[in-house]
Amino acid sequence: GDSVTQMEGPVTLSEEAFLTINCTYTATGYPSLFWYVQYPGEGLQLLLKATKADDKGSNKGFEATYRKETTSFHLEKGSVQVSDSAVYFCALLNSGNTPLVFGKGTRLSVIA
Amino acid sequence: KAGVTQTPRYLIKTRGQQVTLSCSPISGHRSVSWYQQTPGQGLQFLFEYFSETQRNKGNFPGRFSGRQFSNSRSEMNVSTLELGDSALYLCASKTFTGGARTDTQYFGPGTRLTVL
Numbered sequence: 627g628d629s630v631t632q633m634e635g636p637v638t639l640s641e642e643a644f645l646t647i648n649c650t651y652t653a654t655g656y657p658s659l660f661w662y663v664q665y666p667g668e669g670l671q672l673l674l675k676a677t678k679a680d681d682k683g684s685n686k687g688f689e690a691t692y693r694k695e696t697t698s699f700h701l702e703k704g705s706v707q708v709s710d711s712a713v714y715f716c717a718l719l720n721s722g723n724t725p726l727v728f729g730k731g732t733r734l735s736v737i738a
Numbered sequence: 046k047a048g049v050t051q052t053p054r055y056l057i058k059t060r061g062q063q064v065t066l067s068c069s070p071i072s073g074h075r076s077v078s079w080y081q082q083t084p085g086q087g088l089q090f091l092f093e094y095f096s097e098t099q100r101n102k103g104n105f106p107g108r109f110s111g112r113q114f115s116n117s118r119s120e121m122n123v124s125t126l127e128l129g130d131s132a133l134y135l136c137a138s139k140t141f142t143g144g145a146r147t148d149t150q151y152f153g154p155g156t157r158l159t160v161l
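Just so you know, the protein sequences line up as chains B and H, in that order. Just so we're aligned: the first sequence equals residues 627 to 738 in my numbering. Just so we're aligned: the second sequence equals residues 46 to 161 in my numbering.
Calculated directly from the structure, the hints in this document are not laboratory data. Even for Gly, the Cβ is constructed at its ideal location relative to N, Cα and C.
Straight-line C-alpha distance at most 20 Å; calculated SDA-like pairs for lysine to any residue: (1) B:Lys730 to B:Leu674; (2) B:Lys686 to H:Tyr151; (3) B:Lys730 to H:Gly103; (4) B:Lys730 to B:Pro636; (5) H:Lys102 to H:Phe114; (6) B:Lys730 to B:Asp710; (7) B:Lys730 to H:Phe90; (8) B:Lys730 to H:Pro84; (9) B:Lys675 to B:Asp628; (10) B:Lys730 to H:Gly87; (11) B:Lys730 to H:Gln86; (12) H:Lys102 to H:Leu133; (13) B:Lys686 to B:Glu641; (14) B:Lys675 to H:Asp148; (15) B:Lys675 to H:Thr140; (16) B:Lys686 to H:Thr149; (17) B:Lys678 to H:Thr149; (18) B:Lys730 to H:Pro154; (19) H:Lys102 to B:Val727.
Here are a few chain B residues that face chain H, going by a calculated C-beta distance under 8 Å: (20) Leu672; (21) Phe715; (22) Leu719.
The following block holds chain B by itself, in its conformation from the complex:
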């Protein structure tokens, strides 16, 4: 079945550092790919998405490019802030009546 693999956390960075969180997927067909973020004590918020190969999703300084050849959707941000501290989830949605498939999440801590 479909699956998503994210890099293990936690990831600890200093403020203004460059962020990369790796995400790879296994799926039949051509899924859509998503990044969700969960701040402490809250639900999931959609951060960005891409629906086809070579699409780049972006939001709040975060970017991710749908790479079909490497089945990847890595999340990047050029300069992280303390307020970016959260858990980040990569997810895919395939066609048909299938639910969202999530990775296990990567906890990011940004220190001042």
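Fit chain H to the given chain B structure using the hints.
For chain H alone, coordinates are given in the frame of chain B:
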């Protein structure tokens, strides 16, 4: 437009009891899905409802059930609670375009259930 709302936000129950959680989707969204989030298992899909019908179901025991009303609001019920049912239960809604892979789910803040 208001987001997905879930009530209550926090619940404490004891083993053997039952619990009902409620979810109101974003206006116009007709599909509601439920997920269980635990530190060990991560995010696991429970079920999805559309037009008052269950469209999809995850791998959970029959103690977990749900329903959807004509106004798209949804409830999930857990009977005979076990300690392992302690989790954050998340509801998500989306517009339904016939299973298109571009449908985006929007999540509520969750209900934190603690079973003692």
